[in-house]
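K.L.:
Model the full assembly from the supplied sequences, consistent with the hints where possible.
Chains A and B, in that order, give the protein sequences.
By the count of UniProt numbering, the first sequence reaches residue 429 at its end, each step adding exactly one.
By the count of UniProt numbering, the second sequence reaches residue 134 at its end, each step adding exactly one.
By construction, these hints were calculated from the structure, which means they are not laboratory data.
Keep in mind that a hint or two might mislead.
To be verified - In silico SDA-like cross-links for lysine to any residue, where the CA-CA straight-line distance does not exceed 25 Å:
| id | chain 1 | residue 1 | chain 2 | residue 2 |
| --- | --- | --- | --- | --- |
| 1 | B | LYS118 | A | PHE429 |
| 2 | A | LYS31 | B | LYS90 |
| 3 | B | LYS105 | A | ARG299 |
| 4 | B | LYS127 | A | ILE330 |
| 5 | A | LYS118 | B | ALA101 |
| 6 | A | LYS210 | B | LYS90 |
| 7 | A | LYS43 | B | LYS105 |
One-letter residues, chain by chain:
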Amino acid sequence: MRVINFIIENILTQASVTIALIAMLGLILQKKSAGQVISGSLKTMLGFMVLVAGSSIIVGSLTYFGKIFAEGFHMQGIVPSIEAINGQAMNELGLGRDIALTFLAIFVFNIIIARFTKWKYIFLTGQAILWMATMTTVFGYFAGLRGITLILVGGFIGAVFAVAMPAIAQPFVRKITGSDDIALGHFCTVGYVFEAGVAKVFGEKGDKKKSVEDLKLPAQLEFLQDTYLSVMVIMVPLYIITAAFAGADFASTLSGDTHYLMFAFLQAIQFVVGVYVLLAGVRLLLGEIVPAFRGIAMRLVPNAKPALDCPVLFPFSPNAVIVGFITTTIGCVIAMFVLPVFGLAMILPGMLTAFFAGGTAGIFGNLVGGRRGAVIGGIAHGFFITLLPALLVTTFNSMGFVNTTATDVDTVTAALLYAWLIGPLLKAF
Amino acid sequence: MFGFGKKKTKKPKQEFIEPEVAVITEENKDEVLRTISMREKELNQADREGKAKIYEDIGMTYLKIKEDDQAIDALEKSIQYKKTLGDGYKTLLRLYNKKRAEAAKMNDDKSLQIYMEKMDQMMQISKDVTRGVR
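P.N.:
Shown next, in the form of structure tokens:
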């Protein structure tokens, strides 16, 4: 009995062990060899530890940034990063085990919904499911849910999103791809549909509708070639300018013997290093789990439509991707200055979200409202995807998250569902 | 009044019709194969970009005579020579998905994983080409 208690209290409570056991389950169900099961489980555990290390680096950098931003601009400056939210929730908040089990629950509920309803979508973007599991777990926990209830409610809500979002996007995806056999699995769909709605109202109509695909635009976005370089391009000036505004007197108290501007530069690089390490951890973590479970899902629902990551749409409307990226960035910058006027925190623009979510949203805007729809819709989309995460800042702050908020708007919507509906309902009864 | 109680006539739901691939009959299948072998001869003189284009054409021609495996082989070669997001890319993604669905129906996990991985690679190619990575 003492041995069992020891295992339950000291081993199974460790998030890294839980995650490794989930991977082990997937590998065993796939009838892998003993060697593959052991190496896959250990790699998954290693992935979790790397993720945690990345999170610590990000938190260190963001703590510094929060201090200089508050001193320099007398308000809170928030860096939108779902990776940072995930890392902090897994590590600093100690919700790693619950997030891992919710992640598994989303997979299981997704299979059940696809198997027994007419919505045959299997969500295959593993990273996005991890972000969704993070948000449902964090906000479920904040709403007062614990243990198995937290996991099952989070798993069910996450799975409903995993099926509903591709289903909502599918009428658009059919028109974009000219085919009904592939779906879109990216948790920014609320934003895409929002852009389509704006494009419908303000865009070109009927014969006047002209596609951006008829325009000649630069074909490549060289500065975005490397994920980490594109993060660096934003973070370095942001940190240095903020440090300059904070002033030498204040910033030097944080920088020790190093010049305060040089220290700001190094801290910006530290942030990028943190994202690099964290994402390397995520890749290791999901490398074994995702193939195992999506294989199982596809075999259990053989007539399923695979919901793939957003680049699935890029080839069908490449110009709209560029227009969407530029207009979404403009919308994000407008929102950055406008939201503080209404008492909300200043959300700094995130280049990667603007590219992937903005680019895909551009395709929707162009489809529905042509050139004008893509431009007006894109700017509105940028504003929208900055506004929604801004609404979560107070809650994130009260939970102990450091100067960051979520990005992918479907995960933010799920969080708002908890904050505005499930939480109050639980408190009422 | 206000149309209450009136039976709403439900619009029939429009079914989505998959785009038809032009079907080539057995008689001119030989002719198509001859065209393919002529195109293959052009490969020797072509540069990388030219080879990518020729393989793309060959792949699309194989698709017309429903030789999916040959089409996949040619389209994969085309993308190896040059990453593009044209018709060849879109067709290859569709063929991978078709193969994946067949593997799922046959409960063939090995093939299923192979085609899922290939679809993952297609997503990476789409990202790379859009961002200008060569």
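K.L.:
It remains to establish, for every hint, whether it holds in the given structure.
P.N.:
Okay, the hints, checked on the actual structure:
This hinted pair does not check out: LYS118 of chain B and PHE429 of chain A have alpha carbons roughly 50 Å apart, beyond 25 Å. For the given pair, LYS31 of chain A sits about 33 Å from LYS90 of chain B by alpha-carbon distance, which is inconsistent with the 25 Å threshold. Restraint check for LYS105 of chain B and ARG299 of chain A: the C-alpha separation of about 7 Å stays at or below 25 Å, so the hint holds. Straight-line distance between C-alpha atoms of LYS127 of chain B and ILE330 of chain A comes to about 22 Å, which keeps the hinted pair within the 25 Å bound.
The suggested pairing of LYS118 of chain A with ALA101 of chain B holds, with an alpha-carbon distance near 17 Å, which does not exceed 25 Å. Distance check on the hinted pair: LYS210 of chain A and LYS90 of chain B sit about 23 Å apart at the alpha-carbon level, within 25 Å; holds. Using a Cα cut-off of 25 Å, the hinted pair LYS43 of chain A and LYS105 of chain B is violated, with the two alpha carbons roughly 31 Å apart.
Violated hints, listed in ascending order, are 1, 2 and 7; each of the other numbered hints is respected by the structure.
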